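Now for the letters of each chain:
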Amino acid sequence: RKEVEQDPGPFNVPEGATVAFNCTYSNSASQSFFWYRQDCRKEPKLLMSVYSSGNEDGRFTAQLNRASQYISLLIRDSKLSDSATYLCVVISGGYNKLIFGAGTRLAVHP
Amino acid sequence: GAGVSQTPSNKVTEKGKYVELRCDPISGHTALYWYRQSLGQGPEFLIYFQGTGAADDSGLPNDRFFAVRPEGSVSTLKIQRTERGDSAMYLCASSLTTNTGELFFGEGSRLTVL
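Chains A and B, in that order, give the protein sequences. My numbering puts the first sequence at residues 355 to 464. My numbering puts the second sequence at residues 222 to 335.
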């Protein structure tokens, strides 16, 4: 079983839609959680951290459920520019050893 | 520029050849990471350097893979006797601190083994 699992998608949504991505992780000792964004043929970039209390950054909301070992990302009012692959990331060690999921592809269409 | 620089951006080689991939991290970043990404997959951890030493090389797939960072800045990933299965995007990343979750990635070196 992979340490971080995501639905690969693709999610095809119209502009303005709300879309949610889910991710599960297997290591209950995991300490930190993140969402990265990767545009086609580009490098991954940090989108946002995920906190137990949930956190929001503009149209993006991230949630963590430690009991279920589940992470989510909600995007409201989707824009064409949101089209990308969203990577769920977990840290289990004492340093930045990021473990990536396979990514969920989002395509926003007019 | 001020970002992570990787060379070459593309490398095509024949099975059995030796390959070196270079990474120049952001100035002042002591932590450096190598990842490998295949099509449709997320980046897979290979090795982590803190300064000059490899603090964690548990992701290197076998002894054909080796990485160095002799002066604590530039790093070279070395692959001996390349195999077709080594074909992937090799990503280098650096970070200023070691526990923030924010890695700054380079644009990668795409390796194709024929």
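Mixed in with the good hints, there may be bad ones.
Derived DEER-like restraints, expressed as beta-carbon distance ranges [stated by the list, open to error]:
1) A/Q385 / B/S226: 42 to 48 Å
2) A/G408 / B/S259: 44 to 50 Å
3) A/S382 / B/S248: 35 to 41 Å
4) B/T251 / A/A461: 37 to 43 Å
5) A/N366 / B/Q301: 42 to 48 Å
Chain A regions said to be covered by chain B (calculated; three or more residues, Cβ under 8 Å) [claimed, not checked]:
6) 393-406
7) 436-445
8) 448-458
If you're looking for bench data, these hints aren't it; they were derived computationally from the structure. Quantities reported herein were computed from a predicted structural model and do not represent experimental measurements. Glycine residues also receive a C-beta, built at the ideal position from the N, C-alpha and C atoms.
**Request:** Starting from the hint list further up, note which numbers the structure goes against and sort them upward.
**Result:** Failing hints, ascending: 1 and 2.
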